[in-house]
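Chains as they are written, first to last, in my numbering: chain A, 1 to 970; chain B, 1 to 447; chain C, 1 to 176.
Calculated from the structure, these hints are not laboratory results. Each residue gets a CB set at the ideal place from its N, CA and C atoms; glycine is no exception. Some clues are possibly wrong.
What the hints assert, rightly or not - Only some residues are given here: those of chain B computed to face chain C with a beta carbon under 10 Å:
1. Pro140
2. Trp155
3. Cys166
4. Leu222
5. Trp339
Residues per chain are reported as follows:
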Amino acid sequence: MSLRDTIRARLAGRTGPAYWRSLEELAGEVGFAGWIEEEFPGLAQAFGQALGRRHVLRMIGASLSLAGLAGCSPAAPDVEMAVPVEEPGMEPGSIRHYATATTLGGIATGVLVTHADARPIKIEGNPDHPASLGATSVFDQAALLQLYDPDRAATVTRGGAIATPGEAFGALRARLDALAAAQGAGLHILSGAFSSPTLAAQRAALIAAYPRARWHGHEPASRANVWRGAALAFGREAEPLPALDRAEIILAVDSDLLSAAPGHLSYVRAFAARRAPTAGMNRLYVWEATPSLTGAAADHRFAVPPRDTFRLLQKLAALIAGGSAGEAPGWLLPLAQDLAAHRGAALLHVGPEQPPETHTLAHLINQALAAPIRLIAPVLAPQSSDLADLCRDIAAGGVDTLIMLGGDPVYSAAGDLGFAELLARVPHRFHLAPYRNATAEASEWVIPEAHELESWSDARAFDGSVTIQQPQLRPLHGGSSAHQLLAVLLGSVDADPRAPVLAEWQRRAHAAGQASGFETFWQDALRKGLVADSAQPSLDLSPKIAIAALAAPPVADGLALLFRTDAALWDGRFANNGWLQELPHPLTTLTWDNAALIAPADAAQRDLATGDVVRLAIGRHAIEAPVWIQPGQAAGSITLPLGYGQVRGGRIATGVGFDAYRLRSHDAPWQQGGATLDRLGRTVAFAATQHQPTMQGRDLLRTVSLADLADAASGWDPERPEPSLYPGAEADRPAWGMAIDLSRCVGCGACMVACQAENNVPVVGKEEVQRGRAMHWLRIDRYYQGGEAAPRTLFQPVLCMHCENAPCEVVCPVDATVHDREGLNVMVYNRCIGTRFCSNNCPYKVRRFNFFDYAGAEARPAAARNPDVTVRSRGVMEKCTYCLQRIKTAEIAAERDGKALADGDVVTACQAACAARAITFGDIRDPHSAVARAKANPLDYAVLGELGTRPRTSYAARLSNPNPAIGEES
Amino acid sequence: MSDRLIAPGESFASVTDRVTGIVFDPPHRLGWWLLMLLALALVGLGTLAIGWLFVAGIGIWGINIPVAWGFAISNYVWWIGMASGGTMISSLFHVMRADWRSSVNRLAETMTLFAAACAGIFPILHLGRPYYFYWLFPYPNVMGLWPQFRSPLLWDFFAILTYVLCSMLFWYVGLIPDLATMRDRAPSRAGQIVYGLLALGWRGSALQWLRYQSAYRVLAGLMGPLVISVHSIVGLDFAGGLTPGWHSTQYPPFFVFGAVLSGFGIVLMLAIPLRRAYRLEALITPRHLDILARLTLLSSLAVGYAYAMDLFTAFYGDSRYDHDLALDRLIGHYAPLFWITILCNLLLPQALWWRRVRQDTRLLLVIGASVVLGMWCERILIVLQSLAHEYEPSRWGLFHPTFWDWATLLGTIGLFLAGLLLLLRLLPALSLFELRDLLARRGAAHG
Amino acid sequence: MAEATRLRVSAQFADDAALLAAACRLRAAGFAGLEAYTPYPVPALGALTGRASRVPAIAFLGGLAGFALGLGLQLYATIIGYPLDVGGRPLDSWPMYLPTVYEFVVGSAVLAATLGFILTARLPRYHHPAFEAPGFARASSDGFFLLVGLPDRARYQSLHEELARCRPLAVADLPA
């Protein structure tokens, strides 16, 4: 039985049709059986029993990416076309970076893709890019795993049967010819939100050629409310860009300012920069119905039920204007005064879930406060009609051919549209499919979509800056991009992936009369990952409406359901991504599940416990969902995270959590009132990574208010290191250390995924997480302070402290964990016999153990892993190494160039990803190094320092800046 | 008082017949086989569990982070504790010239051997990579690496190694004269040869007896301190770490107390059915049981003192970690284990203050069993509860035993039982020459 | 001594007292090469042989060797063999080495004592003239035997007379 047959046999039982098809095709295309043998001997066993645990087997990222092998074929031709960040001249084993961008909801974040031997293995932020500034989000990090995901759509199919791209494009052209006579009437195209100038141009060209064709936009997490609010206020749609670097007082209302707003990485950077006693510390007020990262970062957070938000904002406006608010909560007046007192340096930010009226009101208040906010035209290409219009057209029988560009509209359409049923009525359905998802299943023609790291395109950042996206490798599953598909529609014969993008920018160069310098422009744009001066100009707009004249939005009465994008899966597009599925949600620490978040008071009243399954119904739509009692949730509201409960679309995505889209209404996508909740008497077991909500009064995460810090009487005394009897570190070598500023950390988790990507940290699956065996080297502890109703939420990233007197080392009987000469607490994997005493003896519990052969069960192709980091075997302990491989790379480079190692030469993966710059790393011997200066901060302290472990990782106490007129606890 | 240690009317010959009869003409053949089958069934289960452990990895157990040690280590401590019973009885009381030990020490030592064997299995199995356990040996390996001698686990490794080795030698040396008896009475040629070989040609000459007694005294003198060091070191496996609830200076003696208690408990549990089944009431007399009962009571009080100190230091000291942990021990998730421990190890044994209870073999059996169970609960409690509530509340988590955890435990119980049953049919269950010695001195007493 | 003799006489006695008496009597009568066999230790008989046991001394030496080996091994391994920074502790953390040293001491002492006993008790020895004595099998149960070796037949007669006076249960000449 040849290896390939073995693989087939093993796979047959375990995977969907998409899987073996991709195998088939690959086998045909690049005789991969022999190939595996030479590249990955013993790969067959990767399909083997592996823990006998469903989920672990179903880990994507995770499970075997045969197609991923394409990535390591030495000649990945597109890479030759792509332009590296450094100058050429690449020797084997060398690391290179290529600039491109990832998009979320059509909006770009500039990234640098790290290649080892021409294989993408890691994603870093692009320092030159305004939306990244060098940092990344969890989604940017996880894009790499998405790229290597073997469950991605891999073959062109017609009605489920394999076909060729030629046939598919042929069929497209046939439809087009048939509809050409009627000027394209009956031709409908459905796309997600996009900012791509090229796609916009192609769309314009298409509509020009077929005037009666219709283009619909569908984005589950749409920002339409923001623009409509602006339109109401100023007479035209606009996107407000708050300048947090100039803001001293911030009021965020149901805001995603620090978590998900376009450009949030730059907002976090600016916000965190002012969370220090030195920098004229800002003050953040948050009103929100459901806890968010923004709320967790607040100095004052108020749980405001959605129905009250607008009314409260009106009262606030009145107070700012010097009027009276009538009956209002006690904190409203001080808040208003605080805002008014900082005219020009105070601003309001409202999240996209709030109705347009709230945004309008906020705009008007901001105007009154002369808030540091820049207004620009929305960067997303305008969508004249949406999914509802498409549904109407289908119902009217006017749709002959529907081309769906990417996404999974059948899954993500609001339940009340009944899109799935309507779609069946369309005679000709084409889907450019990222996965064999619900939409693909419902389509006649399925054309695999190339991942954005595989394709040429362009996209705008939150401020309009354009990045030209260059492919990092040849499409692993031979997919096509939307540009290619449209090019075909527009009559181009060959589907050259680059041509449309190149053509568009050449056209623009001509239009601007810079045709001559195009080549340099192009090379420069690709190298920088940014088109120079492409940011959107500010709009100078004045209010067209008075606050008084503003009508209140309809309020949702009764039990309100709040629909929110998920911190890990967003709108569901990342559902098949093992890293994100296993990323603990910042506030619940929940993995592998979503839950209906319910307020403690409501839960008590209904006698519900976390894990109880309830039936939630609105009108005739109902879903069953387990509840999670969420401290800080506004009473009378239940939050339903989107993106889970998919029935198609990959081995990981399916059967995880519940699908909130079924309850969603197209007209009120973010909140609905009048829901009913019935307890079903069933319970489910969640996989949370933290079970103890509070710190038990222990001195682990220190907090201090700016006021207390200022007056010595309250006595914040900087701590001195405990004396030790033991010999100190060697003086002739660097002494690596880390400082983490808790005032800056917003708890987003980007560091966790970055660490996982950098260090080949395996995904273990839901059951193993439930058993307390999650493998993250870096975790973020979340502690609540104060009452359940309105707690303070504190985050603390915890990784190996690299104690100078490490308790773990002393108890290891085989020298498997010892100190190196630079003060690192190193793990010698192949010396470890797995007594686990080191973990028992680690007061910080940062050690992780391979209870099973996790890495083996993952069977990610070696191509997708970091070649500089050992993949750990079963039965050995592992933990954070301070990114030892990066330290050594830097030291070798310095030695090669005969230079001394400079401060900042070594950047750990977590540090690089952190938008807040909460993590500082370096040589603590050198008093001028950033880390030494950070540790000199009077707020700096060692966790559990009293144990005499002398951790090299220290924390700066979390600083808060409460309004004395309100007081910290409220 | 020695006369109460052997029923009147017993002679050298009768004693010899009685004891060797168990081997050469065993009563209750059927019952023995039934028990043996049960034991072997358990061994089978255990073997299965271990086999699967090697195939799948120790993830099949309930252990996790933070509770990285679970049943394996608890069971190990439990078994090694019971092993101490034999050594205590035969070494300490030999040194103290306590006559009464004579008819129970063989039984106790044999029990020790298998208890120690069962204990020895766990530290190896509990490794993530058990097949590399030999890396603990200090041998010059290819990397020039040595074991890490600061680790309490390594101390423990040497302690167990030494203990098992010495126990076997001690046991064997104690057997040699009796092996000669077996040689001389074996009905079959094969038996004569085997026993003969094992007896090393023992003749019982005056010279040999002289050497023998001095050697045995030396061994007994060494075994006592050894067993105490072993359990102190087991205590240090925990006290050596800085885990709250473990990091306590009283752990070494505390573990010795516990070990001794379970040791006496298990000896009671074995001696009572044995004397009944094989009509040894004349040799293992109420007097023996009475002394064993008193010792159980004594060690129970000692353990009680340790519990009290544990709580006292926790609440009196200023470590909030110890404080929280102690409180959780009393009322937390694992509190039932604690209270069972208190009941079995502390309260029930108090009944032994009454002579009537000490005379009643049934009650003694119950109490013996209760302390054995109680000590198991205590070990589990110490390992699980402390690890489950360490310094960082965010890392608090519980341990839930799996089927394989239980299977492995039952497997070792089966092994223990099978071993005892086997030796019962192969070797004299009581020390013959010491019994003769007793008889002789009684005769002398009668002039 | 028994080796040098050409002929041996064995006598069985009722109990240890009789055996002891006989042994003393014969010894007084100047018979050398007496050997007494009892089913349990009879200290008085041991005293008659007039030799002390060297086992304790051997055990002590074993213990000393164990100490040297245990401590030496650890110091060598951690200071010279492969010095490593373990938990910031000094290389010669001798207090942490003592428990192992202790086990080395006890272990080697026990080993030494056992071997010492086996050697000084002249074991193993699977054949010995004593085994030829009629009914000697009972020597390991309830028989008390005295074995007398004679260099020649000179005192053969007197030996039998002496023995007869000790009221033995049985007397037998063993084949040379």
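Results for each hint:
no.: 1; hint: Pro140; in the structure: holds, 8 Å
no.: 2; hint: Trp155; in the structure: holds, 4 Å
no.: 3; hint: Cys166; in the structure: holds, 4 Å
no.: 4; hint: Leu222; in the structure: holds, 5 Å
no.: 5; hint: Trp339; in the structure: violated, 34 Å
Checked against the numbered hints above, the structure violates only hint 5.
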